[in-house]
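Number of protein chains: 2
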Amino acid sequence: MNAVTRRDAVPPMPAADALVRLVARIRHEIPLTAAMGLEAGTLAGDSLQLRAPLAPNVNDKGCAFGGSLASLMTLAAWALIELRLQARGPRCEVYVQDSGIDYLAPVWGELRVTARLAEGEDWAAFFAALDARGKGRLTILAQADHAGMPATRMRARFVAKRALAKAT
Amino acid sequence: MNAVTRRDAVPPMPAADALVRLVARIRHEIPLTAAMGLEAGTLAGDSLQLRAPLAPNVNDKGCAFGGSLASLMTLAAWALIELRLQARGPRCEVYVQDSGIDYLAPVWGELRVTARLAEGEDWAAFFAALDARGKGRLTILAQADHAGMPATRMRARFVAKRALAKAT
Numbered sequence: 001m002n003a004v005t006r007r008d009a010v011p012p013m014p015a016a017d018a019l020v021r022l023v024a025r026i027r028h029e030i031p032l033t034a035a036m037g038l039e040a041g042t043l044a045g046d047s048l049q050l051r052a053p054l055a056p057n058v059n060d061k062g063c064a065f066g067g068s069l070a071s072l073m074t075l076a077a078w079a080l081i082e083l084r085l086q087a088r089g090p091r092c093e094v095y096v097q098d099s100g101i102d103y104l105a106p107v108w109g110e111l112r113v114t115a116r117l118a119e120g121e122d123w124a125a126f127f128a129a130l131d132a133r134g135k136g137r138l139t140i141l142a143q144a145d146h147a148g149m150p151a152t153r154m155r156a157r158f159v160a161k162r163a164l165a166k167a168t
Numbered sequence: 001m002n003a004v005t006r007r008d009a010v011p012p013m014p015a016a017d018a019l020v021r022l023v024a025r026i027r028h029e030i031p032l033t034a035a036m037g038l039e040a041g042t043l044a045g046d047s048l049q050l051r052a053p054l055a056p057n058v059n060d061k062g063c064a065f066g067g068s069l070a071s072l073m074t075l076a077a078w079a080l081i082e083l084r085l086q087a088r089g090p091r092c093e094v095y096v097q098d099s100g101i102d103y104l105a106p107v108w109g110e111l112r113v114t115a116r117l118a119e120g121e122d123w124a125a126f127f128a129a130l131d132a133r134g135k136g137r138l139t140i141l142a143q144a145d146h147a148g149m150p151a152t153r154m155r156a157r158f159v160a161k162r163a164l165a166k167a168t
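So the sequence lines, in the order shown, correspond to chains A and B.
For the first sequence, this note's numbering assigns the number 1 to the initial residue and increments by one for each residue that follows.
For the second sequence, this note's numbering assigns the number 1 to the initial residue and increments by one for each residue that follows.
Here chain A stands alone, though its shape is the one from the complex (with noise of 0.2 Å):
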């Protein structure tokens, strides 16, 4: 694989603005994430950042709500793989397949969400997958954390499918 193959490949990590509209995209989409008060975060490296004010996410306890931190986790995985694909193509319709979460201490605060690949997981193996067959599959990792611990962690798959063209 030449310099230029392995570049097309692996498109690099989108600029900040991509995901600044993409989350102006999910808020009108899924009415839920603007109930919520889902806002972009930080693109650091490999990793994607999402966050939401505690107010709307509160729970019985006065922490954050198990369910706003699931789908913010859920949400950040999505938003990573949509966001390359988004860079490179092909059109896809991308799915969460299952989850696994560890709820290990309450949010106190301002709920922040951060997802990156797997171990193990890369992207080349994904595009090449998705060119070949249409279908690509991927594990990401989101963690939520709090005064600088983990407070919980997701481990999720997903799989994207070639959205068909639409007939003219």
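It should be emphasised that the hints constitute simulated quantities derived from the structure, not laboratory data.
Cβ atoms here follow ideal geometry from the backbone N, Cα and C, with glycine treated the same way.
Incorrect hints may appear among the rest.
Below 30 Å or equal to it, Euclidean Cα-Cα: the simulated BS3-like pairs (lysine-lysine) are [claimed, not checked]:
1. B:K61 x A:K135
2. B:K161 x B:K135
3. A:K61 x B:K161
4. A:K161 x A:K135
5. A:K161 x B:K61
6. A:K61 x B:K135
With the C-beta cut set under 10 Å, the calculated list includes, among others, these residues of chain A facing chain B [unchecked claim]:
7. R25
8. I26
9. E29
10. T33
11. Q97
12. D98
13. G100
14. L104
Quick list of simulated restraints, FRET-style, between CB atoms [unchecked claim]:
15. B:K135 x A:A128: 44 to 54 Å
16. A:E121 x B:A132: 39 to 49 Å
17. A:D17 x B:R91: 44 to 54 Å
With chain A fixed as given, assemble chain B onto it according to the hints.
Relative to chain A, chain B alone:
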């Protein structure tokens, strides 16, 4: 163990109005559940159902948002334990420890989730542990159905801890 002790150890399923009151409390204390349109479903045998309309929980594909389904399954499982604790005591805090979810098929209408004890679990052992050590664990299954088929399945572990008596 005689019949009286047994009845005390395992209280019967609470009446439907207890679930209606619990859902009103959840909607008041967890604002996102009001945004979801959370409603009490049926209490049948040893299972508890929660419901929510599709409109506030729709995703970009027109079916139910995975985060809403995950939230609803976690709430139904939590409510199953909370109602039994209300009926028998002691007063406890109930937390989710970890959960695994399989997303099998989309839900194209009202979200309906049913929670029940996992195989091998029983209320008597849970209350015995609570009475002896102030702490009990339970594994709960929750499922969303669509068109008579399972759409999402959750297996989650919860811990209940006896609440400390308030200083007066």
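Go ahead and decide if the range 39 to 49 Å is satisfied by the Cβ distance of E121 of chain A to A132 of chain B. The hint (39 to 49 Å, Cβ to Cβ) holds, given that E121 of chain A and A132 of chain B are roughly 45 Å apart.
Interface restraint verdict for T33 of chain A against chain B (beta-carbon cut-off 10 Å): 8 Å, holds
Need the status of pair K61 of chain A, K161 of chain B: alpha-carbon distance at most 30 Å? Within the cut-off at roughly 14 Å; holds.
Can you verify the interface hint for R25 of chain A: is its Cβ closer than 10 Å to any Cβ in chain B? Holds, about 8 Å.
Looking only at beta-carbon atoms, does the pair D17 of chain A, R91 of chain B fall within the given range of 44 to 54 Å? 50 Å, holds
Once the shortest beta carbon distance from Q97 of chain A to chain B is found, is it less than 10 Å? Since the shortest Cβ distance to chain B is 6 Å, the answer is holds.
Should the hint that I26 of chain A touches chain B count as held when the rule is a Cβ pair under 10 Å? Check passed: Cβ of I26 of chain A comes within 7 Å of chain B, closer than 10 Å.
Is the straight-line distance between the alpha-carbon of K161 of chain A and that of K61 of chain B 30 Å or less? 14 Å, holds
Taking the closest Cβ pair, is G100 of chain A under 10 Å from chain B? 5 Å, holds
Mind checking the CB of L104 of chain A against every CB in chain B and telling me if the closest is under 10 Å? OK, holds: L104 of chain A within 10 Å of chain B, min 9 Å.
For the restraint on E29 of chain A, tell me whether the closest CB of chain B is nearer than 10 Å. 4 Å, holds
Mind checking the alpha carbons of K161 of chain A and K135 of chain A for me, to see if they're no more than 30 Å apart? With a Cα-Cα distance of about 5 Å, the restraint between K161 of chain A and K135 of chain A holds, given a limit of 30 Å.
When held up to the earlier numbered hints, the structure conflicts with none and fits them all.
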